[in-house]
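Visitor: Here are the chains, one letter per residue:
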Amino acid sequence: MSWQQVGLLMNLSKKELRMSGFNGNKGITNSTDGQVSLAQMRAGERGRILRIIGGRGLVYKLEALGIREGEEIKKVSEQWMRGPVLLKHGHSQVALGFRMASRVLVRVTGEHK
Amino acid sequence: MGNPNVGKSAIFSRLTGAHVIVSNYAGTTVEFVKGSMRIAGHDVELVDVPGTYTLNPTNNAERIAVGMLMDRDDEDVVLNVVEATNLERSLNLTLQLLSKRTPIVVALSFWDEAKHRGVSIDADELENILGVPCIPICAVTGWGINHLVEKIKEARPSSYQYSEREKWNEIGKIVEKVQTLTHRHHTLLERLGDASVKPITGLPIAVAVLFLAFQLIRFIGEGLISHVCEPVFETLWSPVMLKLSSLLGSTGFVHDLVIGQLLEGQIDYGQSFGLLTTGLFVPLGAVLPYVLAFYTVLSFLEDFGYLPRLAIMVDTLMHRLGLHGLAIVPMLLGLGCNVPGVLSTRILETRRERFISATILSIGVPCAALQAMVVGLVARHGVANLGIVYGTLFIVWLTLGVLLNCTTRGESPEIFVEIPPYRIPYLRSLLKKIWMRMKWFVREAVPFVLLGVLLVNILYTLGVIQFVGQITEPVVTQILGLPSDAVGALIIGFFRKDVAVGMLAPLGLTGKQLVIASVVLAMYFPCVATFATLVRELGIADMLKSAGIMIVSSLIVGGLLNLILT
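As given, the protein sequences belong to chains E and R, one line each in that order. The first sequence maps to residues 0 to 112 in numbering that gives the first Met the number 0. The second sequence maps to residues 0 to 565 in numbering that gives the first Met the number 0.
Calculated directly from the structure, the hints in this document are not laboratory data. All values reported here derive from a predicted model rather than from experimental measurement. Don't take each hint at face value.
Under the rule of at most 20 Å between Cα atoms (straight-line distance), these lysine to aspartate or glutamate pairs were calculated in the EDC-like manner [what the hints assert, rightly or not]:
#, chain 1, residue 1, chain 2, residue 2
1, E, K73, R, D42
2, R, K166, E, E110
3, R, K172, E, E68
4, R, K172, E, E44
5, R, K166, E, E62
6, R, K172, E, E110
7, E, K87, R, E413
8, E, K87, R, E87
9, E, K87, R, D193
10, R, K176, E, E70
11, E, K73, R, E87
Work the whole structure out from these sequences, hints included.
Guide: Listed below in structure tokens is the structure:
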């Protein structure tokens with residue numbers, strides 16, 4: 000199944016898929032309008048969550064920890080071979096899988112020294 | 000109730016004096032524990048539950064917590080533990096609890112850590128807003144606990160109203176009113192925390208931590224055995240036993256049961272197999288030192304907060320096994336004892352993950368008791384043999400995980416876990432935890448080992464082991480290349496694997512045979528305690544499936560070793 004089909008199953012439009020950075024099986028491309036997914040963000044960058052795309056499961060899970068649209072986060076680290084992404088939100092750090100991280104759309108606001 | 004890793008169990012053990020494990024990672028508590036305390040002259044029952052972020056649970060541990068809340072009576076009080084350093088997130092659960100209109104008292108935990116991090120909270124103002132008592136505490140040191148106890152009486156339902164849609168705005172407003180932040184610089188621990196999750200620094204750190212842990216366990220374990228346990232048994236206990244031996248007439252069934260066989264007039268704790276000789280030496284002299292060493296190291300890593308970070312580093316590997324990084328926690332606990340290991344698979348969300356992890360855990364992860372005996376016995380024939388045992392079990396663990404991942408239906412979710420800050424372990428609670436685990440070991444292990452030794456004697460006397468040995472000879476001798484006597488160890492291995500390995504000692508096996516026997520003993524079937532836990536956690540059907548995999552894979556692996564090794 001291609002990502003487009005997955006996207007359709009999740010009731011997403013093609014535009015949303017492009018926004019999310021999904022591009023066939025490669026998974027990610029660089030987006031031009033300053034929006035990136037949490038997976039694309041570089042470690043050490045800060046950003047604001049624009050949208051969380053995907054099943055209600057992920058939205059609920061993140062929301063339960065207070066991570067939702069409009070929140071400021073920082074990407075602490077990423078792992079090789081599409082390993083989990085660690086983000087910092089307030090005083091807590093949360094690790095989430097690469098695919099989950101690809102569904103969190105972020106506008107990068109700055110880099111942390 | 001409260002979010003994971005906010006100190007619920009620490010408060011519970013402070014209040015009740017009950018012994019529960021407290022660690023620094025989400026998901027330490029996976030079942031509810033009851034205890035009691037006295038408040039104003041009344042006996043009160045207290046229940047410690049697993050942590051949860053919301054009242055919509057996503058895994059079994061959370062389900063237990065929410066189920067407990069739903070089963071409450073009208074007079075029950077909910078003690079909601081709120082992490083002062085994460086007020087906003089914690090209040091999400093608090094508001095959900097308040098809307099249940101049940102009497103609540105709020106404990107603001109990690110008060111000291113919040114101060115260090117520049118977070119200050121106006122507890123009185125929070126109390127005014129929420130309409131329930133809010134008490135600052137520090138659970139590990141016990142600061143504020145007395146005040147909390149006094150205030151439990153004042154728990155009351157709140158009349159706080161909010162709309163679900165405006166929840167986060169509402170929480171934001173509360174936080175703005177009660178919390179002030181001052182900027183603090185990164186501490187050394189925070190920098191260390193970041194370094195251990197970046198691939199370039201994190202992988203070497205993980206390797207170093209595991210290597211050091213292994214060396215430390217060996218150092219403590221071997222040191223205790225050769226400097227404390229063996230001298231105590233040899234110089235203090237042996238004379239007593241020899242006296243008893245002559246009193247019992249040096250031969251006969253009772254003598255052999257209590258003292259066992261003397262070798263050249265002396266007691267050999269490895270081979271005599273009497274209740275008071277081998278039966279006591281195995282758990283207390285040979286296994287206990289390693290169990291102590293293992294739990295000292297594990298407890299430190301738990302309290303420091305390393306386990307969830309290790310989970311991040313091994314996540315990619317664990318995906319190949321149909322699991323995610325957090326599944327490393329049950330595996331590590333399993334290296335101590337398989338029972339808590341299997342129990343902690345509850346932190347995994349799906350049935351599929353629990354089946355895979357519990358199965359490869361009980362096949363490929365040997366418990367400390369088994370390891371201690373294997374190390375003692377196999378290492379005599381060369382450390383390389385020990386390497387083969389561990390190497391084989393690791394390959395089996397890996398291969399089986401990959402196979403189960405391909406053949407078990409369904410998909411496994413990705414990791415999703417909060418990573419706590421590193422914390423310097425509080426020495427008293429660390430020592431208490433190690434002490435508790437030792438007590439459990441002695442209480443669980445000694446009776447079973449004695450039962451095992453008793454059984455060995457009875458079964459030998461009745462000729463049962465010799466009989467089963469004859470029937471199973473084709474399998475044991477032809478496939479595994481072991482003498483038919485070794486079947487006794489396989490029978491007893493169901494009770495205690497340490498006793499089973501002990502039974503191999505008098506057989507005079509070669510290095511190769513010891514390697515095969517150790518590997519097969521580790522894999523073929525869980526001990527009775529683990530078996531019971533597996534049945535409870537997986538259900539009968541999956542347990543039978545799991546047991547089938549164990550028996551078949553142990554025969555295949557044992558047979559292969561017999562062919563390959565020289």
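Visitor: Going straight from one Cα to the other, do K176 (chain R) and E70 (chain E) come out at no more than 20 Å?
Guide: The given pair, whose Cα atoms are some 19 Å apart, holds under the 20 Å limit.
Visitor: Between the alpha carbons of K87 (chain E) and E87 (chain R), is the straight-line distance 20 Å or under?
Guide: Holds. K87 (chain E) to E87 (chain R) sits at ~14 Å (cutoff 20 Å).
Visitor: When you check the alpha-carbon spacing of K73 (chain E) and E87 (chain R), does it fall within 20 Å?
Guide: Satisfied, since the Cα-Cα distance of roughly 17 Å is no more than 20 Å.
Visitor: Checking one constraint from the list: CA of K73 (chain E) to CA of D42 (chain R), max 20 Å. Satisfied?
Guide: Violated, at about 48 Å.
Visitor: Hey, K172 (chain R) versus E44 (chain E), does the alpha-carbon distance stay inside 20 Å?
Guide: violated, 27 Å
Visitor: Sort out whether D193 (chain R) lies within 20 Å of K87 (chain E), counting only the CA atoms.
Guide: holds, 11 Å
Visitor: Are the Cα positions of K172 (chain R) and E68 (chain E) separated by 20 Å at most?
Guide: Status holds; Cα separation ~17 Å.
Visitor: Between the alpha carbons of K87 (chain E) and E413 (chain R), is the straight-line distance 20 Å or under?
Guide: The hint holds at about 18 Å.
Visitor: Does the structure keep K166 (chain R) and E62 (chain E) at a Cα separation of 20 Å or less?
Guide: This hinted pair holds, its Cα atoms lying about 11 Å apart.
Visitor: Below or equal to 20 Å on CA atoms is what counts here, so check K166 (chain R) against E110 (chain E).
Guide: violated, 30 Å
Visitor: Please verify whether K172 (chain R) and E110 (chain E) have alpha carbons no more than 20 Å apart.
Guide: violated, 28 Å
Violated hints, listed in ascending order, are 1, 2, 4 and 6; each of the other numbered hints is respected by the structure.
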